[in-house]
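Model the full assembly from the supplied sequences, consistent with the hints where possible.
Protein sequence lines, in the order shown, are assigned to chains A and B. In terms of the working numbering, the first sequence is numbered consecutively and its last residue is 476. In terms of the working numbering, the second sequence is numbered consecutively and its last residue is 177.
Hints are computed from structural coordinates only; laboratory data are not their basis. By construction, the Cβ of each residue, glycine as well, lies at the ideal position given by its N, Cα and C atoms. Be aware that one or more of the hints could be misleading.
[What the hints assert, rightly or not] Among chain A residues calculated to face chain B with C-beta under 10 angstroms, some are:
1. Gly112
2. Tyr119
3. Pro173
4. Val174
5. Leu177
6. Phe305
7. Ala308
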Amino acid sequence: MTTTPEPGPTTPPAPGGRRPAPSAQFAAWLAGELAAWRMAGIVSADQEKAIWGQYDLSEAAADRRGAPRLLIVIFSLLGGLLVGTGVLLFLAANWEEIPKPFRVGLVLVFTGAAYHFGYQLGYHRKTHPRTGEALVLLGAMLYGAGIWLIAQIFNLASHYPNGVLAWAAGVLPVPFLLRSTPLLVLTTVLFTLWTGTETAVSQHSNPAYLGVALLLLAPLAWRQRSSFALACVVAGLAFWLGFGADAWLVSHDWGLVFPLFLLYAVAVLALGTTLASFAGAEPFRWTLTLLGSAGIVLLAYGFSFPDAQHELGRDLGRAGEHGAYLAVLMVLVAFAVAAAAAGAALPRWTGVSGGRAAAYERVAVAVVLALTALLFAFPGADRDASLLQAILWNLVLFGGSLGLTVVGSLRREYSPVYLGLSAFSIALFTRYLDTLAGMLPMGLAFICGGGLLLAGGFLFERQRRRLVTAIRKEGA
Amino acid sequence: MNTRVGFYAVVALQLGFLASMGIVKQYERVTGEKVVLEVVPVDPRDFFRGDYVVLGYNLSRLERGPAGLTGAPVDAGQTLFVTLEREAGDRTKVKAAGASLSPPARGTLFLRGRVTTVTDERVGVEYGIEQYFVPERRGREIEVAARERRVTVEVSITAAGDGQVCRLLVDGRTWGK
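Written out as structure tokens, the structure is:
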């Protein structure tokens, strides 16, 4: 029996009445079938053309299908990287034999050539947009490699985070000019690398990164409509917050970093609910909702173990000694509350509502904030308190997982459903292992554990099928 | 702004930055005052790391206390100006003569460094001349020579106190030639 390849995850007609671009597999299948039908006299040439006309076959639409574009970028990038790495290795390995000016000249020539040909192919002539983009990306990498190579030629051992900063700052205008997401992601990674190395070397947090992320990187991600770039910025800020906090906010009480992460995740989720009130902000709204929810669920999982609560409780008992830390927590709480309140009030002015999903998310924000306050009010320093806290966070874990599934179903979005079901299954299996499994004979424990996994897989699959069916029906 | 003009302007700035790095360092190397510093053995585990060797000097660890070079309180991260004086026997060699948190008078030979560690007895300082890149698998021989105190380094020092390693010398002869 042959199966018809799926044209894509969703098939609602695109604006203008056409359906979205078909996958390569579906297009090949349809071409074969249409040819056979025309030969059999079932459809005419005009009808075949009309059927193809149902689909958006533009290059831009094909790009949105993702895979072919990604493949071209990966091939181009890998090829460019191999060439670039080979050049640098050759220069580095034979540096004694090559005169210094010639070495510097080679670095300049290769960097300039990658940029020039990348721009010509991808942005001026536009004959090979993906290869061009990959070559420009290679140029940006060669520029950074050039900084290290010249530092090596002259045996420079000065403050090396400045080298990373020079790299990131030099590359920053390129994604601004070319509106390239891969280059913006590279720039975000470089600035994050800079703040990491700066903090590691100086043992002080790097407040300048906050300004760079909020005033430059996030607006650029917004301008380019890139959810992935925005996700990188959110992750970079989390890294800055955690790594910086460990260096200057909490000293050796590193457990205090986790409530900081938790409140950051809550603030991100709250910001997501605010964006639900703006037309056109949908992709960013879901990026923030997913990242915030994933962060909360992950931390709730960590907090759901009584032993972890006990350890955390000891550090929390010393939280009062860290004034700056408490101030940062307060800022995050205030931000989360303000964002959630704005999300509730804004629909009156914007006319766009996040619906029940956004309302549930605001409830989640309030609940997690309240439980975080409880965490500080009654830290699990003794066994009873740690057990009570662990039970509360188990409720957050299971409730949050189910909540994500419900929100995803309401909004007809796969990602929250998958995330919620996965978190629920992992949490259930963990609790089974650390509670029931020890009380049962080994054979029975395996049978019950296996049964639990099978049941989880069955429920997972059923929920996924329901969601896919519902989305298809909406699209039909 | 025209995208093409903007793009090529950014590329020109990047290439200009790379070129200026090379030109400035080469200029400093040629015009700076040349001195020779004796390399002292450092922790062997850290000495040879990948493609470069880690160089330690007597200047890297300054004594504290009333009779020492850094009687004034210093903290890690501060910039320290270490005044140098030429040795009586060999005028190319130098040793530390003093240290201060402000730049010495014009015409004084000094190195500008950053305080890395502070203990009751000593102050650790880095001058940016602690690395020397070598071809692969050549670092061990320098490590052995440094343990035997046979390694010196020619450093070029600018008027602002910035040092740059010019040559590595083993038994007084340029290494790697």
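(message) The hint names Pro173 of chain A as touching chain B; please verify it with the least Cβ-Cβ distance against 10 angstroms.
(response) Constraint on Pro173 of chain A satisfied, holds at 5 angstroms.
(request) Verify the interface restraint on Gly112 of chain A: the C-beta must sit less than 10 angstroms from at least one C-beta of chain B. (result) Because about 6 angstroms separates Gly112 of chain A from the closest Cβ in chain B, which is inside the 10 angstroms limit, the hint holds.
(request) For the hint on Val174 of chain A, just tell me whether its beta-carbon gets within less than 10 angstroms of chain B. (result) Holds, because the Cβ-Cβ distance from Val174 of chain A to chain B comes to roughly 6 angstroms (cut-off 10 angstroms).
(message) Less than 10 angstroms between beta-carbons is the criterion; does Phe305 of chain A satisfy it with respect to chain B?
(response) violated, 37 angstroms
(message) Does Tyr119 of chain A hold up as a contact with chain B if the rule is Cβ-Cβ below 10 angstroms?
(response) Hint holds; Tyr119 of chain A Cβ to chain B Cβ min 6 angstroms, cut 10 angstroms.
(message) The hint names Ala308 of chain A as touching chain B; please verify it with the least Cβ-Cβ distance against 10 angstroms.
(response) violated, 34 angstroms
(message) Tell me if the interface restraint on Leu177 of chain A is satisfied: Cβ within less than 10 angstroms of some Cβ in chain B.
(response) holds, 5 angstroms
In this structure, the earlier hints numbered 6, 7 are contradicted, and the remaining ones agree with it.
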